[in-house]
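There are 2 protein chains.
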Amino acid sequence: MSMLRDKVRLQIPGPTPIPPRIQQAMLRPMVGHRDPEASKLVAACSQRLAPLFGTASPVLIMAASGTAALEAAVINSVQPGGSAAVVVTGAFGDRFAKILGKHGIETHRLDIPWGQACTPEALANFLKEKPQVEAVFLTFCETSTGVLNPIDRLASVVREHTDALVIADGVSAVGGVPAHADEWGVDILVTGSQKALMLPAGLAFASVSSQAWERIEANARPRFYLDFLPYRESLEKNTTPYTPAVSLLFGLEAALDMLEEEGLENVYTRHQWMMRMTRAGIRGMGLALLATDTDASPTVTAVKGDDGTAEAIRKQMKALNIRLAGGQQQLKGEIFRIGHMGYSDPLDIVTTIAALEVAAIRAGLPVQPGSGIQATEEEWIHASRVDHRPAQ
Amino acid sequence: MSMLRDKVRLQIPGPTPIPPRIQQAMLRPMVGHRDPEASKLVAACSQRLAPLFGTASPVLIMAASGTAALEAAVINSVQPGGSAAVVVTGAFGDRFAKILGKHGIETHRLDIPWGQACTPEALANFLKEKPQVEAVFLTFCETSTGVLNPIDRLASVVREHTDALVIADGVSAVGGVPAHADEWGVDILVTGSQKALMLPAGLAFASVSSQAWERIEANARPRFYLDFLPYRESLEKNTTPYTPAVSLLFGLEAALDMLEEEGLENVYTRHQWMMRMTRAGIRGMGLALLATDTDASPTVTAVKGDDGTAEAIRKQMKALNIRLAGGQQQLKGEIFRIGHMGYSDPLDIVTTIAALEVAAIRAGLPVQPGSGIQATEEEWIHASRVDHRPAQ
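The listed protein sequences derive, respectively, from chains A and B.
Letter by letter, the first sequence follows residues 1 to 392 in full-length UniProt numbering.
Letter by letter, the second sequence follows residues 1 to 392 in full-length UniProt numbering.
Calculated directly from the structure, the hints in this document are not laboratory data.
Be aware that one or more of the hints could be misleading.
It does not matter which identical chain is used: a pair holds within one copy or between any two.
Mimicking DSSO-like on lysine-lysine, the simulated pairs with C-alpha atoms at most 30 Å apart in a straight line are [as the list claims (entries may be wrong)]:
no. : residue 1 : residue 2
1   : K318      : K102
2   : K7        : K40
3   : K318      : K237
4   : K128      : K237
5   : K237      : K332
6   : K304      : K237
7   : K7        : K332
8   : K98       : K237
9   : K40       : K102
10  : K332      : K315
11  : K332      : K318
12  : K7        : K318
13  : K128      : K7
14  : K130      : K315
15  : K40       : K304
Keep in mind it's a predicted model, so treat the numbers as computed, not measured.
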């Protein structure tokens, strides 16, 4: 049967679909980036982002993608000659390690099997002998495995054993999962625009604690564009040190409007239910999940299929107009990943699970039509009864 | 659970969702309507619409909604003092009758129970005693009931019994259902832009046979904006007699690109399968269809629920972010209608049926989650195996 080729449903874990309201906002006539209107925009966005990070400080905004924010976190926090620890639970923990390596920073690496979260106990054991590290790098949601690390408890463990800064990659978490950087003692929390914030890629964000600012001020490591200091200084004058990506800021303003109108608690609850509906559907059709219920992220779900079925299903899904992500690095060909964050709702999950049943059957798997969707719908009905159930 | 309030799925039988490609086309910078670029646009659209109507003649384009095209068909075809017959299978056949009445035209009305198609036999019996009528007005797809009338055979019956022009309302049919106006002997076939053509409302279209042109030329009935003659005259000079709706023409050009790229046969097959998937799902969950399989339209499906369930389900669907239509006139509160035409694909049907299960349960009906979707998916799997099955 012929299909509407351009009616593609983006269920990958970023970039996520852009709401029409944000698309329209980004079409606003351009303004000069030193115009008072641009300054108002920068100041307002920075302040309105703070609740998403759980910080009382304004959030830094950079024209860059998420990886730049990871690198900025590294080069601002670790002195020349200093060492760092990094917890690797997947490809994005590994990216932190790669950045540390490129900058010649002595790196202590804690590798956790991919698909599992790092436990506070594992981190405590690891850090016992490494009290000299200047920073510990964590991944909040490990996008490559669909695992949500318990950042609050890991941050406590770091505080207990070291004087290190706690630095977390919040990409694919911030905006979809509650974050409380100040309360948890996360010194630097970074994210990008193309995940739960519903924007195209091109903006990177960072919250920075007062303890971190002290270290950053004293840090002699050479850096320019990714130096946090001029961003803080410019923000005090309601601007950015270098040209901001103004149309993305127009979009960010609309995204913040949408998040505030829905209410952050409701946004997080919606993500929780999308995760539950997805997991129920996958189990219902007899497929296996990579992460346990305890470790699962509300924003992305990884499904096992290391006998070639993961890629076969993903290919069939593409033919049905739904894009899913494959595995990365050591998980390449072994899993597929469903993104369910940002401008995504229960109907998208229902669509994805129903299509997965058809895709699995077309890929030759013994899946019964309706087997997954039944479980997904039951979770949905349950969700609508519980209604404003508090997010995890 | 909180919802994305603006992520509304429009499954009403028009207006239908606008593809992003068409939205973008309509944002093109405005051109003067007597500019050569506008003339090229008018000429190309008129010619490229012809295959959708099944005519060798260029199609007239008016800046107006579908009802204007119905009225134009009436006042261009029936002489002052002349009489007409109208077959009423629902609210839109009734609209033809109302227009005829407003113009004081003696009208012979054949009423068919709503939810059924008019049979050739019924029309033959009706016309036997009315050979003096100048025009017979038919409805191709009766949007209010989801019934597709057998226009080809009804047109033959008219030819057999009268010298009347055959005039058909093609709104919610043309572009989603094969039409062969020349071959079938349909003298005037009209439609609007906001249905299977994937555009906003605002354009009306008409194909006119040479026999009809003779009558129109001889017709003394007073008319100006809706007179077909100046449209034909202007079209010979690649323009329109009055200001055309240029941004809608930009959109129409993109819509024709999309329809031609998919291939009209494929477009019609897609609509056939969406109808089958919808009907299978409705039956699977134990709800009752208004029209029989023989009478069902590939573009809209009406579902019974005269005990208050139709409106209860529709209300619940609205809460789930899917808009359905209710019943009109005598069917008000007795049915709900699902549109599946234009920029709509099998995934939309899957979404709609799954949501209908949840909506029905929330409305208190004894529906089993997965019961409808299983049948819908089986039809979909069947469709993807049969692939390019010829349309009806």
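Do the hints match the structure? See the list:
{"no.": "1", "hint": "K318 x K102", "result": "neither (36 Å within a copy, 53 Å between copies)"}
{"no.": "2", "hint": "K7 x K40", "result": "between (37 Å within a copy, 29 Å between copies)"}
{"no.": "3", "hint": "K318 x K237", "result": "neither (48 Å within a copy, 46 Å between copies)"}
{"no.": "4", "hint": "K128 x K237", "result": "neither (43 Å within a copy, 86 Å between copies)"}
{"no.": "5", "hint": "K237 x K332", "result": "neither (46 Å within a copy, 61 Å between copies)"}
{"no.": "6", "hint": "K304 x K237", "result": "neither (50 Å within a copy, 63 Å between copies)"}
{"no.": "7", "hint": "K7 x K332", "result": "within (27 Å within a copy, 33 Å between copies)"}
{"no.": "8", "hint": "K98 x K237", "result": "neither (35 Å within a copy, 67 Å between copies)"}
{"no.": "9", "hint": "K40 x K102", "result": "neither (37 Å within a copy, 58 Å between copies)"}
{"no.": "10", "hint": "K332 x K315", "result": "within (14 Å within a copy, 45 Å between copies)"}
{"no.": "11", "hint": "K332 x K318", "result": "within (17 Å within a copy, 41 Å between copies)"}
{"no.": "12", "hint": "K7 x K318", "result": "both (11 Å within a copy, 22 Å between copies)"}
{"no.": "13", "hint": "K128 x K7", "result": "neither (53 Å within a copy, 50 Å between copies)"}
{"no.": "14", "hint": "K130 x K315", "result": "neither (45 Å within a copy, 60 Å between copies)"}
{"no.": "15", "hint": "K40 x K304", "result": "neither (47 Å within a copy, 55 Å between copies)"}
The structure fails hints 1, 3, 4, 5, 6, 8, 9, 13, 14, 15 (numbered hints given earlier, in ascending order).
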